[in-house]
Amino acid sequence: MPDLRATRLSKHFSGVRVVNDVNVTIRPGEVVGYLGPNGSGKTTTARMLAGLLEPSSGIVEYGGRDIRDGLVAFRRELGYIPEEPYLYPFLSGTEYLYLIGRLREIPEALLTTKIEGFLNLFGLGPAADQSIASYSKGMRQKIVISAALLHDPSVVLFDEPETGLDVTTTLMLRHLVRTLAGRGKAILYSSHILEVVERVCDKVIVLHKGKVVADDSIARLRTLLSRNSLEGVFSELVIREDPEQLARDLADVSALGT
Amino acid sequence: MEAARLRTPYVQLTKLFLRQFLENDLISPEADRSQLLAMVGAMVVSLTLFVCAFMSFTYVGALLTPGQTAVLSLDDKLFYLALAMIVTALVAATQWDALAIDPRDAAILEPLPVPSGTIRRAKLSAVAILGAAVAVAVNACPSVVFPWLLVFGFRQMSVVALAELMATHLVVAIAAAAFGYLTVVALRETMAAILGPRWFTRVSPWAQGALIVMLGSALLLLPPAADRIAQRGFDGWRALSPPMWFLGAYEMTAGGVIADLPRTPMTVRQANNDQITSRMYRERRGQFPALARRAGLALALTFFLAAAAYMWNARRLPSLAPAPPPAFRRRWRLGGRLANALLVLDPAARAGFYFTLAAMWRSNTHRLTLACAAAAGFAMAVVALSSANVAPLGGPSHRLLITQPLLYGALLVGFRHLIRVPAELRANWGFQLAWRGRDRAFAAGAREAAVVALVLPALVVLFPLFVFVLGPRLALMHAALGLVGALVLLEALMVTYDKVPFTCTYVPSENMKALAPIYALAFLIGASLFARLQLDALQRGSPFRALLTLAAVFVVLRVMAVKRARLPEVEFDEAPASFQRLGLHT
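Here the protein sequences come in this chain order: A and B.
Here the first sequence stands for residues 1 to 258, numbered as in my numbering.
Here the second sequence stands for residues 1 to 586, numbered as in my numbering.
No wet-lab data here; the hints were simulated from the structure.
All values derive from a computational prediction rather than experimental measurement.
Even glycine gets a Cβ: it sits at the ideal position worked out from N, Cα and C.
Heads up, a few of these hints could be off.
[What the hints assert, rightly or not] Label pairs and their in silico Cβ distance ranges:
| # | chain 1 | residue 1 | chain 2 | residue 2 | range |
| --- | --- | --- | --- | --- | --- |
| 1 | A | E116 | B | R558 | 34 to 42 Å |
| 2 | B | R558 | A | D69 | 27 to 35 Å |
| 3 | A | E84 | B | R293 | 56 to 64 Å |
Model the full assembly from the supplied sequences, consistent with the hints where possible.
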């Protein structure tokens, strides 16, 4: 299976550079963690890698070919789980999965089997025929994950997938990521939950204000920065303020006037 | 002090609820609401001013006597009263869900330290302000211009009498508007109180759609309905029409201002006319008090019912999930199997078919658009039928046959518009990722959904009428020809469409204002030609020639669609051309 490679990827909105010269390579069987604080450009990068957003400069290649030269072909191999699970609220979970499966031209009988499998394994069976408008965020996220995996993609981009999920599903998701990697899928796992990234990913890319500030295996980063956890590495690279002092300041602001 | 009052939770919430009336899928969240309001306000004022000036031309241009004016003006007064009633009712119907506290609002506002009574009062105030604003906007111009032009030629009219006429027009028209508005509120709230949240959630969208169809049709049928009413009289079934009740109130209050004007010297012919019309007015005058009483009673009852039902429903704020929403798939399983086996065999077409059906009926914006199209279709069909021969086995006529293409044509034109409106723009990423470039197959599925959900029901609704007038054999032939005609029309409407229905950004046509009248004219000419074709087929007793003509047109359209140069790739997030020119897009 081919690599997904982004070279010197940049994106600016109205003159503001959100992603700046980012290089990412994801190989089959590899889970790349993509870390960064809020607003660091993680989602923008993931959307450019998925071909949903055109880069201002730089290139995304899959198997050595620019994905823009064959977006439809690239997306046949792609599964994408966005941070915000926006879905059609007037469809039921089952209807949404049928819609996506039919658009992907999965044979009807196989599609039905797959959909029933996903819904049952995710515990969505009882709500499967209800409108998505009545779903919790976690239920929507499960539908999005099912839709992303319906066609057995070779590349999966997880953009903060654990948002809204319960503990059991989050644990299952970690195992799922490892299992998919074990089956040769190339995976980007964007998150700000350091513990999950530490357990799941083979290497991490740390992003700060749109720029890559670290790109290596977790073990090497720990050694290089003389820290014994990813949290320590992240603090060293990204966090400029003292979190404890910041927390005290916030509590003080809340108490003003009382 | 004043600033503090403006910051109270009640005022803030009222403003919030008022802003929500302007929020819908067609208005961008970043849109300038002041500009939008100014535009809508200007449009209403200029439209009513134009209608007033146009309708009052008779009173200014001709030398009418007081008797003639009193009789003739009854039509126009009825028109204005019915217009005020229908427009405010239509506004209430389009804001159907926003008339009561939304479960989402309750979920957000309930945890705040604001008494629930304040939230209810604020919502009630916002609903009242909306109704009052619409009533005033619709009636302001006619209340000044119409009475003034009505008595323009009467030098004997005093300024005080003119002011009395204007005030009466304003008050009665606003009362009629209030009646229309309150009727919709009362209907909604009574339904909610009787059905409970579970059933109301299911019934509500259909009730709203039916109301819009009814009111829209009534609006379009208003001009022919408000004609020669003095000659037709005010008794029998006419006395059951609400605008008539308010006309009674109007005449009770200010009818004498014109009818009893002192007569100035006039010619013999004028004197004769005045005598005849004055007698006619005097004969009708006796019926006005009963009609006026009915108006007062109806307004009071509607107000009482709306208030009682509103208060009953507002005992507690609605919860976010009042009932498990309907299980869609179970209901349609058998129909789905049939469609999969017979209609939509290709996966992309299947996706288009089911997605179109869901978007058309379950998305609020799309359902409302369809309801408006259905209203226009019904109104045109009724106008055509009103002058057709509908006697049992009366045989085919052009005016009878045209009802069919007018009804399904309006629905299909509405459909063509609504496929351009995204069902949920933020959710189209799913389409973008799963898209395999099968836009033609997807659009074919959407077309089949339009035939199943719009054309067939329209043909079925009209079928009994045609069986009654034409007999079963000709009615069947007529329905079959109608179906083929609908397929041709759909093909024609979709020739230039190369996007993915319900998913791409809405890019308004930049020259629609100029082209709309031409399109409307082309539609009417097309419907008329098609009715002629059908008439010829039915009179011959053989549909062969008509089918051949339709098949030829269909083939030409299909070839045009296939040969047409298309974009290499669908652009889901296309910006309007002006944005692209200025480089404002991404």
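Status of each hint after checking the structure:
1. E116/A <-> R558/B: 34 to 42 Å: 39 Å, holds
2. R558/B <-> D69/A: 27 to 35 Å: 32 Å, holds
3. E84/A <-> R293/B: 56 to 64 Å: 59 Å, holds
This entry satisfies every hint, going by the numbered hints stated previously.
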